[in-house]
Amino acid sequence: MYQVITTISLWLIPMLLAFILVYGMYKKVQIYETFIDGARGGFATAIKIIPHLVAMMVAVTIFRQSGALQLFISWIQPVLQFFHIPGEIVPLTLLRPISGTGSLALMTDIIANYGPDSFLGRMASTIQGSTDTTLYVLTVYFGAVGIRNVLYAVKVGLWADLAGAAAAIFIVTIIF
Amino acid sequence: MINFIWLGLILSGIVVAAINGNIEVINEAAFEGAKTGVTISFGLISILAFWLGVMKIAEKAGLLKKMARLMRPLVRFLFPQVPPDHPAMGYILSNMTANLFGLGNAATPAGIKAMQELQKLNPNPEKASPAMCTLLAINTSSITLVPTTVIAIRMNYNSQNPVEIVGTTLFATVVSTVVAILLDRYYRNKWMKR
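Protein sequences appear in the order of chains A and B. Note that the first sequence covers residues 54 to 229 in the numbering used here. Note that the second sequence covers residues 17 to 210 in the numbering used here.
Note that these hints are calculated values from the structure, not bench results. Fair warning: there could be bad hints in the mix.
[To be verified] Within a straight-line C-alpha distance of at most 30 Å, the following computed DSS-like cross-link-like pairs (lysine-lysine) qualify: (1) K143/B with K208/A; (2) K81/A with K51/B; (3) K76/B with K81/A; (4) K76/B with K208/A.
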């Protein structure tokens, strides 16, 4: 299982890259010019993230360095230990459906403090990568067409997030 | 809700620091946090530029459309109320395909267009239709093959193997999407019976 998953992880991106380039060439796409054209959007997207990331990193850094995070974790520690969930992961799991950039900042914080290849770093990466930001998607999509009554969509999104986080914690514990 | 979380994080930090008698920590933390935010964003420029470039090639080569055609039976199963030839289907498929490749920039416009098309089929324009809820369920739990942002940050922090989390992420994302689709079905049936 470990072998299979790490092999897929290693080969997926190189193969995808090679396939897209060869297929583009075969379809007579000007691949170099097209790449430049698409890459141009990267700068604007990264710059757009700055205000979000600054806002959330300030809050997160204050929360962590003041000792409030440790206090919070020590309160819910008994419940977490029962499920074998590391305390540092909990704020990330709670924030993931609410704010994509906020949880991205939290994940970055965990990676910066424990290292990307640590157990916590891998778990945080997996949780962050596995779902989208439910409340953001809901607001943008329904907002675009003026829907006010969203039926059961919030319920479905949040339960799915919980399932995804549980699956991420489970698989990372098994594999690494 | 994000407002309360933001306020909660900052306020509880200030209160705890004040009680512990080390309020000076807050001043340092605020500026350190702001600096980290900017540094991360700049680190993201390289990987975003790269993947957006690659994905543009996939789009121009018609790869996104081709993926959409392959996934047609799946979409008929997911959206039984939408006529198979309705324009909404094309946008739904582009949206799902872009999500699969971790192309948030392409997925969101396609998803919004799909919502607008679904709205034309909707008898009550202020109330979501079941098809809209299914589209939302798929998007909030979106299956992603390449979590580009996460990989970029892992590279920034000198990971020995930045892509090693692709496999575990794929597992977790498949679980959350299957749960989302099943729950959507369950609630939809319950709602239709009413």
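Hint by hint, here is what the structure shows:
1. K143/B with K208/A: holds (16 Å)
2. K81/A with K51/B: violated (45 Å)
3. K76/B with K81/A: Judged against 30 Å, a Cα distance of about 10 Å means the pair holds.
4. K76/B with K208/A: With Cα atoms ~37 Å apart, K76/B and K208/A exceed 30 Å; violated.
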